[in-house]
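Asks: Construct the entire structure; sequences and hints are all you get.
If you read the sequences in order, they're chains A and B.
Reminder that position 103 of the first sequence reads as 258 in my numbering, one-by-one numbering, no gaps.
Reminder that position 5 of the second sequence reads as 20 in my numbering, one-by-one numbering, no gaps.
Bear in mind the hints are in silico, worked out from the structure with no lab data behind them.
Ideal Cβ positions, reconstructed from N, Cα and C, are used throughout, including at glycine.
Take these hints with a grain of salt, some might be off.
Derived Cβ-Cβ restraints for the label pairs, each shown as a range [claimed, not checked]:
1. A:S369 with B:F206: 38 to 44 angstroms
2. A:R372 with B:A156: 41 to 47 angstroms
3. B:A43 with A:L293: 32 to 38 angstroms
4. B:A132 with A:A427: 36 to 42 angstroms
5. B:H215 with A:L298: 47 to 53 angstroms
6. B:T191 with A:Q284: 52 to 58 angstroms
7. A:N278 with B:P244: 50 to 56 angstroms
8. B:A43 with A:L301: 57 to 63 angstroms
9. B:A156 with A:L301: 52 to 58 angstroms
10. A:W430 with B:F206: 44 to 50 angstroms
11. B:H215 with A:F195: 36 to 42 angstroms
12. A:Y286 with B:S276: 51 to 57 angstroms
13. B:R136 with A:S350: 20 to 26 angstroms
14. A:S369 with B:P41: 25 to 31 angstroms
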Amino acid sequence: MTAQDTSHAGAPLDLASPAAAPPAKEIRRLPVRKDWPLGFIIAIQVGILVVAVALWQAGADHGWIDGFFWSKPSDVYATLIKFFAGGDAWTDIEYTFGSTILGFFLGTAAGSLFGLSFWWSRNYAAVAQPYMICFHSLPKLALAPLVILIFGLGLASKVAIATALTIIVSALTTYAGVKALDADQERLFYSLGASRMQVFRKLVVPYCLPWIISVLRVNIGLALTGAIVGEFIASQHGLGRAILYAGNTYDIALVWVAALVLSTLAVLMYAAVSWLEHILRKGIKQ
Amino acid sequence: MIAIMAAAAKLRLDQVSMSFDTPAGPFAALAPVTLAIPQGRFISLIGPSGCGKSTIFNIVAGLLQPSGGRVFIDGVDATGTIGRVGYMLQKDLLLPWRTVLDNVVLGMEMQGVPLKAARERALPLLRRYGLSGFEYLHPNALSGGMRQRAALLRTLLFDTDIMLLDEPFGALDAQTKSHMQEWLLQLWGDFEKTVVFVTHDVEEAIYLSDQVYVMATRPGRLIETIPVPIERPRQRAVTLSREFLAIKERCMNLLSEAHKSALEQAA
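Replies: This is the structure:
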């Protein structure tokens, strides 16, 4: 007991004595991260926007930037009012929204089914694999002019491009889910005397659902891109066409207006899909 | 004479063997194994890794076609047919998107029992066998022991006379494991199933079983059948009795001999 006490007491003394002093170790502490209150963050966000718009307006008014190419917030606002008063706005929004949503659902549904189908046959999956990868790496937008020729100038061609962009992402992601399926889990089902169809419906589909859901948010963005590109190439309606037309006629304020409406639409659809994802995930858990 | 014995056995393996083709030639995973287990027995297979325990299970469950030999259940050739035995792996394999109750009825569901009827049957069993209050929870809310209970009840409710349990308690801590052993013996007593149990734990094998089959590797084979003539119900203290320890020593010796000869063969 006493011996132990002395050794304990001795240890720090030894360290302190100059002869045995090890090189002084730098004292480090855990970095402190402090979160700003939410209101403060929002205030900064709004502030940046206000300052940027004000600078833009001032710059155009004082000739620091060329108002013809850059336009200015006051003109953009006036054009925005005119755009919605003129009546074209809602047709364009509806058109772009319609082709995006159709492409999104078609592409996601077909792609997911395609990915799930690979579970049924490994041989079929092996045959399809190189084609999938090829189609995935191919810049599909490069084929857009061809799609317009085949599907015409109307909505169908925009839906087709949006579908082409989304289908492959869904298929590959769902296939990743199929491949991640635990072989023991399948063996359990078969040991219980399950049929292939039962394994598919009761195991494969529910197992892959989180994978399918995880691409929804990516796909809504891709579908919108596809729809806009389709409208860029040839269209009579849509926000993409409005942007292209405004650019060609040097109506820069209208370009900004269409872009603004487009981003609002994109944010709304993204929010809706996030909400859908949330609902679906909750559904899976129950 | 043989025919009579065969008829009496619930589960009979007749010269069942398994070999795989490898680049170095055929590899014998399982040398011909013959064994007969009467109705209502609890038997254990022990042996080192690679002795073919899981291969036997997969063959009996119909998940693997044996290279040779036949499997008989109730005297009927059941080789390569699925859905005749309850098979439980070390992993619980509970479906995370289903509640405990809906996981437990999976076997009945696969057999075409309407979900409602299956639930009605399973519910009292869940409550009687220690899962009361967990029925409508999802598996991720359960402890390891509770998950194994659910997995075992799923196997039990599959309504086959034979249950194959592949190291069901292998991943549990000692305390939980001993609870689960008592619980399993209670289930076995209540339902009069024929149980084939695989474990690495010699004491567990002896404590639970009527007979212990000792296996060896290279090739996987049965080397000895050791009866456990200890009366049931058994108290935990029986594991310290002279009789129990003698059986345990015999098993240990057989296993270490098998291990030594495997090493010599490899050298």
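Asks: Please test the hint of 36 to 42 angstroms on the beta carbon pair from H215 of chain B and F195 of chain A.
Replies: Cβ of H215 of chain B to Cβ of F195 of chain A: about 60 angstroms, so the range 36 to 42 angstroms is violated.
Asks: May I ask you to test the hint 25 to 31 angstroms on the CB atoms belonging to S369 of chain A and P41 of chain B?
Replies: Because 45 angstroms falls outside the window, the suggested range is violated.
Asks: Go ahead and decide if the range 38 to 44 angstroms is satisfied by the Cβ distance of S369 of chain A to F206 of chain B.
Replies: Hint holds: Cβ distance 43 angstroms, inside 38 to 44 angstroms.
Asks: Range first: 52 to 58 angstroms. Now tell me if the beta carbons of T191 of chain B and Q284 of chain A are that far apart.
Replies: violated (45 angstroms)
Asks: Taking the CB of A132 of chain B and the CB of A427 of chain A, does the distance hold inside 36 to 42 angstroms?
Replies: Given about 40 angstroms between the Cβ atoms, the range holds.
Asks: Range hint 57 to 63 angstroms: satisfied by the CB atoms of A43 of chain B and L301 of chain A?
Replies: Roughly 60 angstroms apart at Cβ, these two residues keep to the hinted range, so it holds.
Asks: Given the range 51 to 57 angstroms, decide if the beta-carbon distance of Y286 of chain A to S276 of chain B lies inside it.
Replies: Given range 51 to 57 angstroms: holds, Cβ gap about 53 angstroms.
Asks: Falls inside 41 to 47 angstroms, the C-beta gap from R372 of chain A to A156 of chain B?
Replies: violated (28 angstroms)
Asks: If you check the beta carbons of R136 of chain B and S350 of chain A, does the distance land in 20 to 26 angstroms?
Replies: With Cβ atoms ~22 angstroms apart, the hint holds.
Asks: Using the beta carbons of H215 of chain B and L298 of chain A, state whether their distance is inside 47 to 53 angstroms or not.
Replies: violated (59 angstroms)
Asks: Mind checking the hinted window 44 to 50 angstroms against the Cβ distance between W430 of chain A and F206 of chain B?
Replies: holds (48 angstroms)
Asks: At the C-beta level, are A156 of chain B and L301 of chain A separated by a distance inside 52 to 58 angstroms?
Replies: holds (53 angstroms)
In the structure shown, a violation is registered for the earlier hints numbered 2, 3, 5, 6, 11, 14, in ascending order.
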